[in-house]
Amino acid sequence: MADEGGYDHRLMSGEPLSTTEAVTSPSLPSPAPVAGEGGDGGVAGPAPAGGSPGAARARRANERLGRRLVLPGQVMLIGLVTFPALVALYISFTRWSPSTGYDWYEAFRVWSWLSNYDGVFGASFLSAFIRTVLMTGVAVGLEFALGLGIALLFMSRFPMHRVGSVLMLIPMMITPAVAGFIFFLLLQSNGPVNGILSAVVPGNVELRWLSDPTLAPIAVVLADVWQWTPFMFLILLAGLLAVPDDQVKAAQILGASWAQIFRRIVLPIIKPIILIALILRAMEAFKLFDSAWLMTKGGPGEASSTISVKLYRDAFLSDQWSYVAALAIVVMIVVSLAAARAVRSLERVQEAQT
Amino acid sequence: MSALAKRRAGVILRLGAVAATLVVFLFPVYWLVTMAFKPQQEWAPTEGQIFWLPHDWTFGNFRRIFGGSATGDSGLSFLISTPIDALTPILNSLVASVGGTALALVIGTSTAYGISRFGAGGKVLPFQILQLRMFPPIAIIIPVLFLWTYLKLFDTLPGLVIIYAAITFPFVVWLMRSFFDEVPREIREAAIVDGCSELGAFRKAVLPLVRGGLATTALFVFILNWSDFLIALVLTSQRVHTAPVFLSQIQSAATGQEYGSQAALGLILIIPPVLLSILIQRHLVRGLTFGAVKR
Amino acid sequence: MLQLIRKLAEGAPSEPAETSSTGATMTRRGALAALGTGGLTLALAACGDDANDKTPTGAATTPAPASGSKGGPKGWDGAERYQYTADSAPGRAVEAAKKLKAEGKAPDTLVVGMYAGSVGNYTQPFPKGAKSVVDVWEEETGIKIKFVSIDPAQAYAKATQQAATKDGSLNIALLGMADVGDLAEAGLLLDLSEYVDRHQPDWNDPKWGYAGGEQITHLFNYYNGKPYAVASDGDFNMWIGRRDLFEDAKEQRDFKAKYGYDLKYPQTWSQQRDMAEFFHRPDQGLLGSTDLRAPAWGWINFVTRYSSTGNPVQMYWDDEMRPLIAGEEGVKALKHLVETTKFGSKDALSWTWEQQYANWGKRGAAMSNSFNNLTKFMKKGSPLDPKDSGAVTQAFNAPGWDVGGTIVRHSSIYFNQASAVNAFSPSKYHEAAYVFLQWVASGPIYTWLTANPGGYQDPCKIACLEDPLVSESYTPRTIEALKGIIPGTAPSIAGLAGANEYIQALDVNLQKALSGQSSPEKALEEVAKAWDKTTDKLGRDKQVAAWKAQRPAWPTKADTTTV
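Chains as they are written, first to last, in our numbering: chain A, 1 to 354; chain B, 1 to 295; chain C, 1 to 563.
The set of hints was computed from the structure by calculation and includes no laboratory data. Heads up, some of the hints might be wrong.
[Unchecked claim] Listed below are the simulated DSBU-like cross-link pairs for lysine-lysine, each with C-alpha atoms no more than 35 Å apart in a straight line:
{"#": "1", "chain 1": "C", "residue 1": "342", "chain 2": "C", "residue 2": "258"}
{"#": "2", "chain 1": "C", "residue 1": "128", "chain 2": "C", "residue 2": "99"}
{"#": "3", "chain 1": "C", "residue 1": "380", "chain 2": "C", "residue 2": "362"}
{"#": "4", "chain 1": "C", "residue 1": "226", "chain 2": "B", "residue 2": "152"}
{"#": "5", "chain 1": "C", "residue 1": "105", "chain 2": "C", "residue 2": "207"}
{"#": "6", "chain 1": "C", "residue 1": "74", "chain 2": "C", "residue 2": "166"}
{"#": "7", "chain 1": "C", "residue 1": "166", "chain 2": "B", "residue 2": "152"}
{"#": "8", "chain 1": "C", "residue 1": "131", "chain 2": "C", "residue 2": "380"}
{"#": "9", "chain 1": "C", "residue 1": "483", "chain 2": "C", "residue 2": "256"}
{"#": "10", "chain 1": "C", "residue 1": "428", "chain 2": "C", "residue 2": "226"}
{"#": "11", "chain 1": "C", "residue 1": "428", "chain 2": "B", "residue 2": "152"}
{"#": "12", "chain 1": "C", "residue 1": "483", "chain 2": "C", "residue 2": "379"}
{"#": "13", "chain 1": "C", "residue 1": "250", "chain 2": "B", "residue 2": "152"}
{"#": "14", "chain 1": "C", "residue 1": "226", "chain 2": "C", "residue 2": "250"}
{"#": "15", "chain 1": "C", "residue 1": "258", "chain 2": "B", "residue 2": "152"}
{"#": "16", "chain 1": "C", "residue 1": "533", "chain 2": "C", "residue 2": "101"}
{"#": "17", "chain 1": "C", "residue 1": "537", "chain 2": "B", "residue 2": "152"}
{"#": "18", "chain 1": "C", "residue 1": "258", "chain 2": "C", "residue 2": "362"}
{"#": "19", "chain 1": "C", "residue 1": "207", "chain 2": "C", "residue 2": "74"}
{"#": "20", "chain 1": "A", "residue 1": "249", "chain 2": "B", "residue 2": "152"}
{"#": "21", "chain 1": "B", "residue 1": "123", "chain 2": "A", "residue 2": "271"}
{"#": "22", "chain 1": "C", "residue 1": "335", "chain 2": "C", "residue 2": "346"}
{"#": "23", "chain 1": "C", "residue 1": "105", "chain 2": "C", "residue 2": "256"}
{"#": "24", "chain 1": "C", "residue 1": "74", "chain 2": "B", "residue 2": "152"}
{"#": "25", "chain 1": "C", "residue 1": "207", "chain 2": "C", "residue 2": "250"}
{"#": "26", "chain 1": "C", "residue 1": "256", "chain 2": "C", "residue 2": "226"}
{"#": "27", "chain 1": "A", "residue 1": "271", "chain 2": "B", "residue 2": "6"}
{"#": "28", "chain 1": "C", "residue 1": "387", "chain 2": "C", "residue 2": "346"}
{"#": "29", "chain 1": "B", "residue 1": "152", "chain 2": "C", "residue 2": "98"}
{"#": "30", "chain 1": "C", "residue 1": "332", "chain 2": "C", "residue 2": "380"}
{"#": "31", "chain 1": "B", "residue 1": "152", "chain 2": "C", "residue 2": "542"}
{"#": "32", "chain 1": "C", "residue 1": "144", "chain 2": "C", "residue 2": "428"}
{"#": "33", "chain 1": "C", "residue 1": "226", "chain 2": "C", "residue 2": "387"}
{"#": "34", "chain 1": "C", "residue 1": "131", "chain 2": "C", "residue 2": "256"}
{"#": "35", "chain 1": "C", "residue 1": "250", "chain 2": "C", "residue 2": "387"}
{"#": "36", "chain 1": "B", "residue 1": "152", "chain 2": "C", "residue 2": "105"}
{"#": "37", "chain 1": "C", "residue 1": "342", "chain 2": "C", "residue 2": "362"}
{"#": "38", "chain 1": "C", "residue 1": "362", "chain 2": "C", "residue 2": "264"}
Since the structure is predicted, the reported quantities are computational estimates derived from the model, not experimental observations.
Take these sequences, add in the hints, and give me the full structure.
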C-alpha cells in the first residue's frame, strides 16, 4: 500500500513522468481474452491446452472455477439489469402506479398495452432526450478543450507544479450534490458570479442563471464543466506525457511548427486516450442528475431537465410510474446500443495501434 | 540574453496562466469554505453588497448541524427552530460507503479474476458489466425499489450496502482486471508447481502483487459510494438517510434554506474524497478510465 | 475529525445551546428524536367528525373552563385556555391513549413524519418556561413521540415511496392536502371512519373546529366521503403590503397623480398591477410585488388569480371534468401573472418563500403573497427582520377581478400539511396513532401549538383566530385580516386522485409561459390536454364523482371582502 497506493513521488515532486511508464497503448475496456481450446489469452490467459487427459481435466476444473468466481458478479447483473429491465418492461404495458392501490406485480389488472409508448415518442420525452444529448455534447466538448489546454500548460515544469496539479484535481473529487449546491449559491442573480461579471463588464450584470430558460441549462453545463474539466486534464496530461520526447525534438529540428507537431505526432499517439476520455465522460454526463437537481430541479419549466431529472420528476412528483417505466426501457435500449458502439470504436482504435 | 529574457517571459506567462486557471477552478471551493464560516446575515448579499470574505467568522454553522444552536444565546434562537443532527447521516454515509466498498471489492475481484485468469463469461460478461455502469441509475432504481421492498432491504443499511456494491462492482471488475492482466503468468504457474491449488496460488502469489491496486480500487470505490445522492434518495426513507440527502433537506421554519449550515456539512462531505484522492494520485488516471489507461 | 467537530458543536460553554435549562434539555431531546434526518413535524389532528351527524358539538365536545382536574398545559398564565376535560375531543383522546397503552395497544414511541420547519411547534417549550406540546402528551399518556424530518419539497415523493414500498416505519405519515386522494388510493392512508366515530374529534365544533366549517373539513380530511387525514395547517394564500408605503401621504399623492385613483391596498388585479409598477424601484432596492412564481410554489398565484375570474367563483373543470382552464378566464389570469413578473425579483422564477421572506425582512418589496406565518417570524431583533419589517406589514385579501360589475375576490388554500395514520405501520398501534392526531389537532392543543414561533404551522381552527397568544404571535393585524380572508377561500387542486399529476402539468406549463417558452394560450391548452389525459387514465367516472363531491367546499358567493 505504502509503495503502490501512495503518493506518486515523481508527479508530486514536479518531475515529468518518464515516458516508458506512461501509456502508449491503453488496454481498452475490451472483451476479455476468450477462453477456449488452445487459446493463449495473453499473459494471464487460460493455461495452454494440453493433449493428455490430465490436462483436459485440469482445464475443465479451471473452467468450473472460473464460472464459480464470476457467479456473484452475474447474480448482481441479474439483480441490477435483467430483473429491473423485465419489471420495467412489464409495468410499461400497464398504467400502474402506487395510487392504483395494487402491488406492482398485480399491474396486469390495469393493462394498457402500448399506451405509455405513445408518450415516449411525444414531444416531452423527445425534447428531454435531445436536450440531454446537447448538454452532454457541449459539456464534454468544453471539458475536452479546456482540459487539453490546461494539460498543455502543465506539460513542462514550473515552480509549485506538484501543488498546482493536486489543487487542479479538487473539483473532480467533490460530491456532485455538493457541487450542485455550490453552483446554486454562486449563480444567484445577486450572487458572486454576477458580482464578478459586473466588475469586469460595464454595467450591472444580473443574469438570471437559474431561472432563465436559456441560461438554466447553461448553468447546469457550467457546473459540470467546472467539476469534470480536471478529469480531462488529468487523463490528457497522462497521454501527452507519453509522447516520446525524441520524436518531438526531431520534428522541431526539422523545422515543424507547433501545430504540425501536435497534429502529426502528438495527436495520433494520444488519440486512443482522447477517445476513452470522451466516451467515459459522455457516459457520465448523460446520467446527470445530482447537480441539476440541486440547482434548478430541471426548471424553469423543463428547460434544464435532463433524462434523469425527467424520470425522477415524472415518477415521484407526478405519479406516472408506468410511463416512466416505458421511458426507462427506451433509455436502456438506447444506452445499450451506444455502449456497444462505443466499445467497438474503442476496439478499432486499439487494433489500429497494434 | 534576449533568448533568456524570452524564455523567462514565457515561464512567467505560463505561470500566470496556471495561476489564473487555478483561481477560476478553486473559486467555487473557496465560496463553499467561506460560506461555512459566515453568520446568517452574510449568507446572501445585503443591499447588493456581496460578502467576499466572512466579516464575522463563526463556528455557528458547524454547531448547528451537530445539534447545537447557531446563534448562541441571543434570545431569538427559537426562531432558528428545530435542532438538527448531521452526525447520524454522516455515520450512515460512512457505514454504507465502507460496507458497499468491501462487498464490491469481494465480488468484483472475484469476477475480475475469473475473467482475467479463466476467461469466464466470454466476451459478453465484461460488456454487460460495463453496460450496468452506463445506465442512468434512475432507469433501474424503481424496479430495484420493489425488489428491495420485497427483500426488506428498503431503508436499511444492508440494503444501501448491497446497492452500492452492485452499482460500483463493475468498476472494481474493470480496474482489477487491468491489474490482474499485468501479473506475469509465470508467477502463478510457479506457485502451482510448488503445490498450491488455483485459489492458493491466487492468495499467495497473485494477491500480494496487486495489493496496491486493490487499495487504490477500494479508495476509488469508496469515493464513488460516498458521492451518491440519487440512490440514497430513492432507496432510503428516514432511518438511514445519507449525508448528501440530509444536506439537501436542512431547512429552518423561519428562513427556509440555511446556506451556512448546508455549506458546513458540504465542507465536511468533501474532505474525505479530496484527501483520499491525494493518496491514490498515482493510480488516478487508471481508476478514472476503468483501468483502460495504465500508468 | 468528526469527533472534533462534534465536540465543537457541543462545546463552548460560553454559548449554551438554548436559552433556558429546560430549553437545553428539549433541544437535546429533539435532536435525538430527529436522529437520522431532520425533524419535523406535522401536526395535527383530528377531530371529530360530525359529517356523520353523530354528536355534533354541544357541551359534550366543548372543554369546560379550567378546574383542578383538567388535562393540558399547566403552570403559566393563560394555560387554562388550552386545558380540557375528559369529555372533550382532546380529553377523549388522552383517555383512549391511556387505555390503549394499558392494553398493550400503544407503542412506547410513536414515530411521526413531520416537516423540519414544523417540529418546533411540538418540541419548543412555549411560552418561555412552559412545557412543550409533546411533553404534555408524554406526561399524560406515557407514549413518547419521535419526529422524523421531511423536506417539504420531497414530502410527496417520500409518501409515494412509502406507499410503493409499504413502508411502515412511520406510525403517522405526513402529506399535503393535494395528496390525500392518491395516497388513500395507494393504501398508505388508513380509513379513519371507525376511530372518528369512536373518539369524536372536534373538526366541526363551532368553537374548536376548522375555520371555514364543514366544507373545509371535508376538503382537508376526506376523500370519497371517508376521513383519511387530519389537517394541521392553514395555508391560506394571504397578501401583504407595506404600511409605510401604502399609507404614506407623498406616495399617495404621487400615485394619484400618475394613475388617477387613490392608493389603497389593491382591490383588483389591475390595481395590483399598477401599484406593483408604481413601487417597482429596483435601483432603490424596492420591488413592486414579490408574489411567488417558482416551481412548486408559484402555481398558487395563478390559481388565486384564476378563481376570481368568475362569479361566484371560477372552477377548474365543468361537471364532466372537461378543463375550463384554457378558456379566456384562464388566459386573462395567466397573462396578468406573466405581465407582473417584471415587478418582482429578476430571480422570480426561482424565488421560493425563503428568498421572499428574507427580502421582505429587508424591506425589499412593497407587496407580496405570503404564508400567514410571515408576521410570526418577522419580529424585531430576529435575523430575518433586520429592519423591523413586521411592524409595517399589513395583511389583506387577494385582489380580484371585476366580473360584470362585482369585484370577486378569493384567496386560495393550498399545500396545507396534514397527518394520517400509516396503514402499513403495525396495525395494533393504528388507534393509538389516531388518538394522538385527534389530540394534537384538537382546538385547545392546536391553538396552543400554532402560537408557538418554533415552527411554521398556521392557524386553521376557529379558536386560533380568537386566541390572545396566537394574536400576539401572528400580530392582531394579521389575525383580523385572516378572519376576513378565510371564509371566501377557494380550494386549490385537491380532493382528487391524480391531484399531483394535475398540479405538475399546471406547474410545468406555467413555468414555460412565465419564462417565455410558451404563450399563455398555448401553455394552458397543454395543461388542459394533460389534464384530460390524466382524467381518462384514472377513469373519468370516478374522477367526476370525486370532483362533484368536493363542490360543497367551493364558495357559493363572490367574496367581496375588503381589507
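Cross-check of the supplied hints:
A threshold of 35 Å between alpha carbons decides the hint, and for residue 342 of chain C with residue 258 of chain C the separation of about 19 Å falls inside it, so the pair holds. Distance hint between residue 128 of chain C and residue 99 of chain C is fulfilled; the C-alpha atoms sit about 32 Å from each other, no more than 35 Å. In summary, the hint linking residue 380 of chain C to residue 362 of chain C is supported, as the alpha carbons are separated by about 12 Å, within the 35 Å threshold. For the hint linking residue 226 of chain C to residue 152 of chain B, the alpha-carbon distance of about 31 Å falls within 35 Å, and the restraint holds.
At most 35 Å may separate the alpha-carbon atoms for a hinted pair to count; residue 105 of chain C and residue 207 of chain C meet this at roughly 32 Å. About 40 Å separates the Cα atoms of residue 74 of chain C and residue 166 of chain C, which puts this hinted pair outside 35 Å; it is violated. At most 35 Å may separate the alpha-carbon atoms for a hinted pair to count; residue 166 of chain C and residue 152 of chain B meet this at roughly 10 Å. Simply put, residue 131 of chain C and residue 380 of chain C have alpha-carbon atoms about 25 Å apart, close enough for the 35 Å limit, and the pair holds.
The hinted pair formed by residue 483 of chain C and residue 256 of chain C meets the criterion: a straight-line CA distance of about 30 Å does not exceed 35 Å. A threshold of 35 Å between alpha carbons decides the hint, and for residue 428 of chain C with residue 226 of chain C the separation of about 21 Å falls inside it, so the pair holds. About 20 Å separates the Cα atoms of residue 428 of chain C and residue 152 of chain B, which keeps this hinted pair within 35 Å; it holds. Distance hint between residue 483 of chain C and residue 379 of chain C is fulfilled; the C-alpha atoms sit about 22 Å from each other, no more than 35 Å.
Simply put, residue 250 of chain C and residue 152 of chain B have alpha-carbon atoms about 68 Å apart, too far for the 35 Å limit, and the pair is violated. For the suggested pair residue 226 of chain C and residue 250 of chain C, the alpha carbons sit about 56 Å apart, so the restraint of at most 35 Å is broken. A distance of roughly 68 Å separates the Cα atoms of residue 258 of chain C and residue 152 of chain B; the hinted pair therefore is violated under the 35 Å criterion. Among the hinted pairs, residue 533 of chain C with residue 101 of chain C is inconsistent with the structure: their alpha-carbon atoms are about 48 Å apart, more than 35 Å.
Taken as a hint, the residue 537 of chain C and residue 152 of chain B pair is honoured in the structure, with Cα atoms around 31 Å apart against an allowance of 35 Å. With a C-alpha separation of about 27 Å, the suggested pairing of residue 258 of chain C with residue 362 of chain C holds against the 35 Å cut-off. Straight-line distance between C-alpha atoms of residue 207 of chain C and residue 74 of chain C comes to about 21 Å, which keeps the hinted pair within the 35 Å bound. The suggested pairing of residue 249 of chain A with residue 152 of chain B is violated, with an alpha-carbon distance near 64 Å, which exceeds 35 Å.
About 25 Å separates the Cα atoms of residue 123 of chain B and residue 271 of chain A, which keeps this hinted pair within 35 Å; it holds. Between the alpha carbons of residue 335 of chain C and residue 346 of chain C the distance comes to roughly 18 Å, so the proposed pair stays at or under 35 Å and holds. Note on residue 105 of chain C and residue 256 of chain C: the hinted pairing is violated, with a Cα-Cα distance of about 68 Å set against a maximum of 35 Å. Restraint check: the Cα-Cα separation between residue 74 of chain C and residue 152 of chain B comes to about 44 Å, which exceeds 35 Å; the hinted pair is violated.
With a C-alpha separation of about 44 Å, the suggested pair residue 207 of chain C and residue 250 of chain C falls outside the 35 Å cut-off, and the hint is violated. Of the supplied pair hints, the one linking residue 256 of chain C and residue 226 of chain C is violated, its CA atoms being roughly 53 Å apart against a limit of 35 Å. Distance check on the hinted pair: residue 271 of chain A and residue 6 of chain B sit about 32 Å apart at the alpha-carbon level, within 35 Å; holds. Annotation: proposed proximity of residue 387 of chain C to residue 346 of chain C holds, straight-line Cα distance about 22 Å (limit 35 Å).
Proposed proximity of residue 152 of chain B and residue 98 of chain C is supported: the alpha carbons are some 32 Å apart, at most 35 Å. At most 35 Å may separate the alpha-carbon atoms for a hinted pair to count; residue 332 of chain C and residue 380 of chain C exceed this at roughly 40 Å. Proximity of residue 152 of chain B to residue 542 of chain C is assessed by CA-CA distance (about 34 Å); at most 35 Å being required, the pair is judged to hold. About 16 Å separates the Cα atoms of residue 144 of chain C and residue 428 of chain C, which keeps this hinted pair within 35 Å; it holds.
A distance of roughly 48 Å separates the Cα atoms of residue 226 of chain C and residue 387 of chain C; the hinted pair therefore is violated under the 35 Å criterion. Taking the CA atoms of residue 131 of chain C and residue 256 of chain C, the gap is about 53 Å. The hint is violated against a cut of 35 Å. Distance restraint check for residue 250 of chain C and residue 387 of chain C: the Cα-Cα separation of roughly 21 Å lies within the 35 Å cut-off, and the hinted pair is therefore satisfied. With a CA separation close to 24 Å, the supplied pair residue 152 of chain B and residue 105 of chain C stays within the 35 Å bound.
Proposed proximity of residue 342 of chain C and residue 362 of chain C is supported: the alpha carbons are some 20 Å apart, at most 35 Å. The straight-line distance between the Cα atoms of residue 362 of chain C and residue 264 of chain C is roughly 22 Å, inside the 35 Å bound, and the hint therefore holds.
The structure fails to meet hints 6, 13, 14, 15, 16, 20, 23, 24, 25, 26, 30, 33 and 34 from the earlier list, while all remaining hints are met.
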